[in-house]
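Convert by adding 611 to the 1-based position in the sequence shown; the result is the number in this note's numbering.
What the hints contain is simulated information worked out from the structure, not anything from laboratory work. Some hints could be false.
Said to hold, decoys possible - Computed list of lysine to aspartate or glutamate pairs in DMTMM-like fashion (alpha-carbon distance at most 20 Å, straight line):
#1 K703 with D768
#2 K814 with D768
#3 K843 with E795
Remember, predicted model here, so these are calculated numbers, not experimental data.
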Amino acid sequence: MPGRLDQWNSREAGCLPRCCAPAARPSILLAYHPDRSNQQATPSPTPMAYLEPIAVVLGVFCVWLTIRQNIWCWPTGLVQVVLYIYIFAAAKLYSDVILQVVYVVLQIYGWWHWLAGGERENQLPVTRISHRANLLYLLVVAMGTAAWGWVMHHYTDASLPYPDAFTTVTSLVAQWLLAQKRLESWWYWIAVDVVAIGVYLQKDLQLTAGLYAVFLCMATAGFFAWRASWRKDRAHEQTHDDGTHTG
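Using the sequences plus the hints, can you model the full thing?
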């Protein structure tokens with residue numbers, strides 16, 4: 612991993628973007644040039660001041676597209692992730708940069724799978740995972756949270772290492788399930804949002820907590836919209852099967 616882990620001050624320093632359902636989390640809303648005259652610093656907006664709001668808006672738009680099962684959620688999310696690679700690299704948040712690279716891979720995979728993974732004229736339907744698979748993913752979240760939280764606790768100055776680890780690991784699981792168009796992906800995003808809201812409120816970041824409250828509402832809406840689509844597909848398949856048997 613490039614850079615030092617202790618350069619990452621968890622959520623006080625920066626926040627991982629939520630990509631595609633995984634929307635953006637504001638981290639550095641305004642960057643300033645250093646004062647070279649040893650006088651009081653005067654705010655001077657850098658490209659970061661413009662790039663991050665764009666990334667945040669793209670994140671919200673991406674979630675909306677995902678709820679509607681619109682394939683454009685993936686290229687939108689991909690642009691957002693690329694912007695955050697630059698933002699986090701400029702902020703020397705190297706762990707976040709690495710995570711964004713992982714998100715790039717997941718974005719490309721999700722884009723391809725939604726286009727080519729379906730059996731009905733390349734339209735991938737919403738599906739569900741088995742109870743056994745869900746237990747396996749929960750185990751991955753638990754073990755990943757424990758391992759990554761331990762690393763951050765012992766090798767960084769993260770103030771809330773385990774909640775931070777939970778949202779990171781769970782976001783990756785949720786993004787993987789989203790790429791496969793699994794209904795349960797929304798449950799994992801809801802869990803991420805709930806924990807993130809608590810973390811931000813504890814850190815007196817009310818505006819960011821408010822943003823995640825919006826994401827929570829959108830994730831909840833996404834679950835119900837996808838569940839309705841899943842039920843509609845099941846009813847259609849049942850009707851088709853009944854007609855086939857009758858014929």
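Hints, verified against the model:
no.	hint	verdict
1	K703 with D768	holds (15 Å)
2	K814 with D768	holds (15 Å)
3	K843 with E795	holds (17 Å)
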